[in-house]
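J.: Sequence:
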Amino acid sequence: MQPTPEQSPHHAYPDHWEADVVLRDGGTARIRPITTDDAERLVSFYEQVSDESKYYRFFAPYPRLSAKDVHRFTHHDYVDRVGLAVTIGGEFIATVRYDRIDATGRPASAPADEAEVAFLVQDAHQGRGVASALLEHIAAVARERGIRRFAAEVLPANNKMIKVFRDAGYTQQRSFEDGAVHLTLDLEPTAESLAVQRAREQRAEARSVQRLIAPGSVAVVGTGRNPGGVGRTVLRNLLAAGFTGRTYAVNSAFAADQATIDGVPAHRSIGEIGEPVDLAVVAVPADRVPEAVTDCGEHGVQGLVVLSAGYAEWGAEGRERQRELVRQARSYGMRIIGPNAFGLINNSDAVRLNASLAPESPAPGRIGLFTQSGAIGIALLSGLYRRGAGLSTFISAGNRADISGNDFLQYWYEDPDTDVALLYLESLGNPRKFTRLARRTAAVKPVVVVKGARHSGSTPPGHAVPVGRIPDATVSALMRQAGVIRVDTVTEMVDAGLLLADQPLPEGPRVAILGNSESLGLLTYDACLAEGLRPRPPRDLTTAATPQDFREALAEALADRNCDAVVVTAIPWVGENGEAESGDGEVLAAALRTAAATGPAKPVAVVHVEIGGLAEALAAATSTAAVPRVVRASAPADRAVPPTTQAVPPTAPGDQLAQQRSDTGPGGTPAVPTLGRIPAYPAAERAVRALAEAVKYAQWRRQAAVPGKVPEFLDDTIDEAGAAARIDALLGPDPDPRGRPLSHDEACELLGRYGITVRPTLPAPDPDAAVAAAARLGYPVALKTTAPHLRHRADLGGVRLDVANEAALRRVYGELTDLLGKPTELQPVVQSMAPRGVDTVVRATIDPAAGAVLSFGLAGAPSELLGDTAHRLVPATDRDAAELIRSIRAAPVLFGWRGSAPVDTAALEELLLRVSRLVDDHPEVVSVALEPVVVATQGLTVLGASVRLAPPPARTDLGPRRLPNY
1 MQPTPEQSPH HAYPDHWEAD VVLRDGGTAR IRPITTDDAE RLVSFYEQVS DESKYYRFFA
61 PYPRLSAKDV HRFTHHDYVD RVGLAVTIGG EFIATVRYDR IDATGRPASA PADEAEVAFL
121 VQDAHQGRGV ASALLEHIAA VARERGIRRF AAEVLPANNK MIKVFRDAGY TQQRSFEDGA
181 VHLTLDLEPT AESLAVQRAR EQRAEARSVQ RLIAPGSVAV VGTGRNPGGV GRTVLRNLLA
241 AGFTGRTYAV NSAFAADQAT IDGVPAHRSI GEIGEPVDLA VVAVPADRVP EAVTDCGEHG
301 VQGLVVLSAG YAEWGAEGRE RQRELVRQAR SYGMRIIGPN AFGLINNSDA VRLNASLAPE
361 SPAPGRIGLF TQSGAIGIAL LSGLYRRGAG LSTFISAGNR ADISGNDFLQ YWYEDPDTDV
421 ALLYLESLGN PRKFTRLARR TAAVKPVVVV KGARHSGSTP PGHAVPVGRI PDATVSALMR
481 QAGVIRVDTV TEMVDAGLLL ADQPLPEGPR VAILGNSESL GLLTYDACLA EGLRPRPPRD
541 LTTAATPQDF REALAEALAD RNCDAVVVTA IPWVGENGEA ESGDGEVLAA ALRTAAATGP
601 AKPVAVVHVE IGGLAEALAA ATSTAAVPRV VRASAPADRA VPPTTQAVPP TAPGDQLAQQ
661 RSDTGPGGTP AVPTLGRIPA YPAAERAVRA LAEAVKYAQW RRQAAVPGKV PEFLDDTIDE
721 AGAAARIDAL LGPDPDPRGR PLSHDEACEL LGRYGITVRP TLPAPDPDAA VAAAARLGYP
781 VALKTTAPHL RHRADLGGVR LDVANEAALR RVYGELTDLL GKPTELQPVV QSMAPRGVDT
841 VVRATIDPAA GAVLSFGLAG APSELLGDTA HRLVPATDRD AAELIRSIRA APVLFGWRGS
901 APVDTAALEE LLLRVSRLVD DHPEVVSVAL EPVVVATQGL TVLGASVRLA PPPARTDLGP
961 RRLPNY
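Residue numbers for the sequence shown, in this note's numbering: 1 to 966.
Please keep in mind that the hints were generated in silico from the structure rather than gathered at the bench.
A portion of the hints provided could be inaccurate.
[Claimed, not checked] Straight-line C-alpha distance at most 30 Å; calculated DSS-like pairs for lysine-lysine:
1) K696 with K433
2) K54 with K68
3) K709 with K433
4) K709 with K822
5) K709 with K696
6) K822 with K696
7) K451 with K433
8) K163 with K54
9) K451 with K163
10) K696 with K451
[Claimed, not checked] Derived Cβ-Cβ restraints for the label pairs, each shown as a range:
11) Q699 with S900: 20 to 30 Å
12) P835 with A729: 32 to 42 Å
13) N226 with S50: 46 to 56 Å
14) R702 with N226: 53 to 63 Å
15) A191 with P780: 43 to 53 Å
16) R198 with T546: 50 to 60 Å
Don't be surprised by glycine CBs; every beta carbon is placed ideally from N, CA and C.
Starting from the given sequences, assemble the full structure and let the hints guide the process.
T.: Dropping the structure here:
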C-alpha cells in the first residue's frame, strides 16, 4: 500500500518494513506502515476496542477518535513519526506508534534519539502475542531511524502491557511518576532480547505446524464425484487411517440434494458446512485455488494443504501465481503446505491423520520425515514400510512456498512423539536459520539430511532461494558443525534413521564383530576401518553356530567394557542334512533381541545374507512402534540409564528412545525385558556407515554439551571501534554495492587493528629499488611477483627465497624479469624471510546463502588441487578453531609427520579466532585471505593478505521475526 504525496514528500513509503509474522497461537498476520488511506480502517478498528483498552491507551475515557486524531494517526513522515498496523484480512487488529522527543519530552527531530511509544490491541486478539511482535518491529524501525531509546507511560493496572515491555529482554528502567509507570527501554539488542525473540519464534512456528498436523476437522476441497482423482484419494486415505476428527467433502459441483459421499458429509462450499474447519486439503485446478482460499479464509480455516500443481514449477507465470497464493492465504492468517504438495501424515493415536496421496500408510513410530519431493516421499515411505519402521509425522511440502523444513525443525524440537528427524531437502530458503535450528534440535535428537540439487544451477524450478557461491563440500562441513548428519542418498538416510531411532548412541568407536561367516566378518572389519571406526578382530562362530551361540556371543560382546557397539553378521547355516537352512530367521531374531534387551545399552546392528524372515522378525518388536514409553533418569546424551517401563507423560525434548534394557523393575523386582527392534542391513557397508554416523553424532553431542567460547584475552588487542571508523572511511558515504578491494597498505592497517600483523613488503620496480628495500628490511630476503596471474605461484618461478646479499638479489631480479616479463608486468616486491615452517592459508568469506564462513587448509596443491580445506561458520569458538586445523586430511603435517617438529598450532588457532572476530564484528568485510601463513615451531608469519569491503549483505537471521517471501 503506497502513501499519497501529501503524506510523505521527503521520505518514500518504506515497503521493507512490511512483514508477515506468526503469532503465538500459530496464526499469521501482516505488519505494515500506516498510510493516509487507512483512515476508515483505523476508525473501524477503534470502534471494536473495549472502553477499558481505550482508557489504558489514553489515560481517560475516549469513546471515539476525532477527525484530528485520525489525521494525526494516519499521517507520518516515517522518520520522526511512525505508525505500524497489524492486519488480518486487510483489517486492523493492532497499532503502534512512536514520536521522536527531546530531553524535555517535546516533539523533536534527529539527532534526538528517544521516542515515545504507545500500543493498542483489539481485545479479541489480546493474548496472541501481537504486541510482542509489534514491539520487535517498531524497535527495528526506530533503530534504523537513529532512535536508541523508547519511553512509555503505562497505567499500573495495565499489567498486560507492562509484561510486554518487561519480557522483551531489552535493558530497561522503571519509575512511578504522576500515577503512571514510566518505562525507558534501551533498544540495542541484547543476548537476552535475542533469546526471547527466538524462543517466541520457536513456540509460534511450532504451534503453526501443530495446527496443520493435529486438526480437529478436515475438509477436502475438490473431492471428485466419481471414484479416483486426487481429492477422492485423499478422502479415502483419511477414512482408512481412522482420522479422529470430523471430515467433510467439498465440491462446488455437488448436487444441492447430495448429503454424503463415501459416508462423509458433502457440501458445495466451506461456508455451507456451518461448523469450524481447521484444515482444508485443496485439490482443485490452479485457476480455481484463489476462490477456494477465499472461501476457506472467510470461514475461519486455520491452514491449507495445497496439492494443486501449476505454480512456480511451471515458470514465471506460475511463480507469480504462487506468490499471490501465499499473500492471499497469509492475509487470512492461514499457513500453507505446498503448493504441488504430496500431503501430510500424523500417526499420533489421538489424531490418526493421513491427508496425503501415499499408497502405503506407514506404521506409527518415532521418526519424523520431511521431504520437498513427492516422488522421493513415496520412495522413502515405501522403504520405511518394507523395513518395518514407524513414523510419527510425514510431510511432503512440494514447492514449500510457506511451510518449510525450518518450521518442522521448530515443531520436532519439542515433539515428544519424534526421536529422529529425517529431511530430504532440495533447497534451503533460509540457510542461516536452518543451521541455527538444526544445531539446537541436534542437541536433543538426531537430524539426518539428504541434500538434493547439490550442484550449481540445479535448484528445482519451484523453489526461489538465495544463490550461494560456496561449494557443496563446504555446505556439508557446515551442516556437520551444526550437528546435522548429512548423507548422500535416501537409502543411507533410512539406514541411519533406523539405527538412531532404535538404538542407544555409542560411547565411542570401538566395534565388536561376530557371526557365522569369516568372510562377511572380514568385509565388516574392512568397512569399519574405512569409516574411521576401531573394530576388534571378528569373532567367527563358524557355520555350525546355533541361535543360542549367537545369543551368548552377543551377550558377551555387550558386556565387554572395551566394546562400544556390536555388528552381528549372519548367513544361512547348514543343517544336519547338509543343506543350507534360511527359514529360521525368527528363531535367530528372538535370540538376538533377547541378548540385546538383557545386556548393557549399546547399539547393535545385524548384517544378513538371504536368511528368510530375519529382517522382518528383528523389526517385529519395533521400538519405533507404539510401545510403552520408558522412564529414564537424566543422563549424558551418549549414555543410557537402565530404565523402568511404565505409562508416563510425553518426555522432554531429546529423550531419544534407545534400545530399552532393564534387569529390574520398580522396587527392584525382576522386569520383563523390552525386546526392541534391531536394524538389519543386506550389506556390511550400509550397516557400518550408519553406525559410523551414529558414532560421529554421539561425539558431537558430547562436545556440544560444553560449548566453546571466544577467549577473552582477544579483547585487549582488538580495536573494534577504530576498525569500524576506518571501514566507514574506506567505503565512503556512497559505497559501490559491488564493494572494493583494499590496497596492501589499507588491508594491513585494518588487520592490524585486530592484532593480525602482515610481514612488510616493499615495492621493487627496478634492481636498485630492490637493493634499497632489502637494505631497509635486512637480509636474507624474498623477491616475489605480485601480478595476479603469478601470485602464490612459486612453481612458475615467481618467488625467489633466501636471497642472501646484494649480488644475489641483482642476479635473481634479472633472472625473474628475463623469464616472466617486464617489472611493470610482474610488480615485484621484496620481503624479509620468515622462519621456516608449514605454509597454510586462512580465508573468510560472506556467502549470501550460508553467511560468514571461516576456512583453513595447507597452501598450494593440498587445498587448491585436492580441495583439502576445512570450514566453520562464523563466529568461531576456540573449539571450532582447534577442530578446523585438525579436520583437514593433511593435518598430520602440522603435528610432527615423519619426525618433523610440530608447529605452533596454538598461534594458528588464535589467528583463526582473530579473523573470525573481524568478519563477525564488521559484516562490511566480505572477504579476507591470508596466504601464505607460515606456521613455525614458535609463532607464525602472515606473508600475504587481501581484504575486500562492501556494503553489508542483508541478514535473514537477525532483526524482528518475519516469514520469508519467496
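J.: Would you list, in rising numerical order, the hints stated earlier that this structure does not obey?
T.: Numbers 4, 6, 9, in rising order.
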